[in-house]
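With chain A fixed as given, assemble chain B onto it according to the hints.
Residues per chain, in single letters:
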Amino acid sequence: MSSRLQVKLGDLTLKNPIMPASGCFGFGREYVNFYNLSKLGAIVVKGTTLEERIGNPTPRIAETPSGMINSIGLQNPGVDVVIKEEIPWLSQFNIPIIVNVAGTMTEDYVEVARRISNVSEVSMIELNISCPNVKCGGITFGTDPKTAHELTKAVKEVSKVPVFVKLSPNVTDIVTMAEAVVEGGADGLSMINTLIGMRFDLKTRKPVLANKLGGLSGPAIKPIALRMIYEVYKHVSVPIIGIGGITSAEDVAEFFLAGASAVQVGTANFVDPYIMPKIIQDLERVLDEMGVNNISELTGEGWNY
Amino acid sequence: MEQYLMRVKENKEITDKIYKITLKLKEINRSLAQGRQNKLFSPRPGQFLYIRVSDVTEPLLRRPISIYDYDPDTTQITLVYRVQGEGTKRLSQFKVDDDLDVIGPLGNGFPYDQIATNAHIVLIGGGIGIPPLYYLAKELVERGIKVTTLLGFQSKKDSFLINEFLSLGEVRVSSMDGSIGIRGTVLDLITDRDKWDTFYTCGPMTMMKAIQEKWLNTAIDGYISLEERMGCGIGACYGCVVKVDKKIDKRGYKKVCFDGPVFYFREVIL
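So the sequence lines, in the order shown, correspond to chains A and B. To convert, note that position 7 of the first sequence is 7 in full-length UniProt numbering; the numbers rise steadily by one, no gaps. To convert, note that position 228 of the second sequence is 228 in full-length UniProt numbering; the numbers rise steadily by one, no gaps.
Simulated from the structure, these hints should not be mistaken for laboratory data. All residues carry an ideal CB built from backbone N, CA and C; glycine is no exception. Errors might be hidden in some of the hints.
Now the in silico label distances, taken between C-beta atoms and shown as ranges [what the hints assert, rightly or not]:
hint, chain 1, residue 1, chain 2, residue 2, range
1, A, Arg29, B, Glu58, 47 to 55 Å
2, B, Gly178, A, Arg205, 55 to 63 Å
3, A, Met105, B, Ile182, 31 to 39 Å
4, B, Thr75, A, Ser38, 47 to 55 Å
5, A, Arg29, B, Asp177, 44 to 52 Å
6, A, Pro65, B, Lys12, 29 to 37 Å
7, A, Met198, B, Asp249, 27 to 35 Å
8, B, Lys156, A, Met198, 34 to 42 Å
9, B, Glu58, A, Arg205, 19 to 27 Å
One chain only, chain A, in its complex shape:
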């Protein structure tokens, strides 16, 4: 792969900036039926909690205009199973492994981060302070700057690997949240997580999702993600991983212009299982068209005009 696509997230070098968004790719096992995961810049695994989570009741998903809402509820086998079964299997692809760490209290976030960052194959933690689908937890951390700051600090104290904090867009002021976690020691930001939304069924007159509310993802949220990254970029000096409705190499370039140094592809994997290798293949053409040598030159370029 050409070094034109190479990007850096702090000290971590990725051969290309494309990785899956947590929760949209399981632990990667389903997608090896389609392609070799070593093509990717990195792998991001599903939100991992201290104990196993069985997730929310069904229906868990509903389609929306150019998007979908979900309330999966962090279904995952728990950190010890992830360490024992998923990480060793993923290490065969020789790409950085990023583990999305989720929880309900500071103590369990810290414990998961401690255990997972001691695994030598893990390159980075993505701290999930923003899952909208878990009661009493996640979202509170994601909407209160003080709590988010303290949680980041507590996790940073135990983590042996860089910690990126995944921000919730469901806040009044995204810049305040970003600054709070960066002051807490965050090595970078992932943004954005899903926007809280809902749908109703006209026949039953009830919300479509059993959990009533869900996280909106897909192309519908792309402009919001771009705006938030753009706003935050000028206020922080840490790298940003852009997320939100990316379906093409052109979208990736747009996220870089807003301030991203790498991106995650989520919902688009459901529509086209080959979307990430396709985007990687297309990126050089887009760089040529834009007259850019290395993709990293585009980061934050949108601010120059």
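Quick look at chain B alone, frame taken from chain A:
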């Protein structure tokens, strides 16, 4: 599973809002499956195709449609679907010689390898749950297994596939308004004299739930095929789960797209 381009050979309404679409395997997604063996396309009864009905983002998600029939000699696959919402409406607008982007075959399918040749099987289908039972019936009959089919419809104008099943064995029909077959549900088609070894069912949830309750404490074995709204269709997103008996699976949920859509009837909590 693989991503395929399939050429539409036929796409026509066979009864009110029910369409039959025949697709022919055109090509595997070669550009990305470089150097890989062209996997044999061999769908099993009870599996489904995950079809992209739009090349823009509206509607965004693919639509899972069960397999009605497959001919390995011509690699033609036939699906029967009901136009229900925006996605299936789009599907009905595809014309002969159009190409469809399809992932499949997906799901586990009906287990029937262990069925003894002297067994008597009952297939119970309601409405748009009927089509996947046809491919299963064909495979069973080919092995010399005796098949009885119970079909339930709202009314005569909604009925379809009755003759196709008649060519494979005994068929009993019910309709809610009595305009075809007996008035009532498929459960009213079951008599005390019936002695079946295994059942396979697909249809409305209320129907399958009633069947599950009726036979839970009997010796009969059976399988239920579920329908659920799906995200990825391949087991990665955990969107389409079904509750299972924790004595059987401690996690409490199984994925309809990947672990199913067919489940042992004592395993799932409907």
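Consistency of the hints with the structure:
no., hint, in the structure
1, Arg29/A / Glu58/B: 47 to 55 Å, "violated, 30 Å"
2, Gly178/B / Arg205/A: 55 to 63 Å, "violated, 31 Å"
3, Met105/A / Ile182/B: 31 to 39 Å, "violated, 59 Å"
4, Thr75/B / Ser38/A: 47 to 55 Å, "violated, 32 Å"
5, Arg29/A / Asp177/B: 44 to 52 Å, "holds, 48 Å"
6, Pro65/A / Lys12/B: 29 to 37 Å, "holds, 30 Å"
7, Met198/A / Asp249/B: 27 to 35 Å, "holds, 30 Å"
8, Lys156/B / Met198/A: 34 to 42 Å, "holds, 40 Å"
9, Glu58/B / Arg205/A: 19 to 27 Å, "holds, 25 Å"
This entry does not satisfy hints 1, 2, 3 and 4, going by the numbered hints stated previously.
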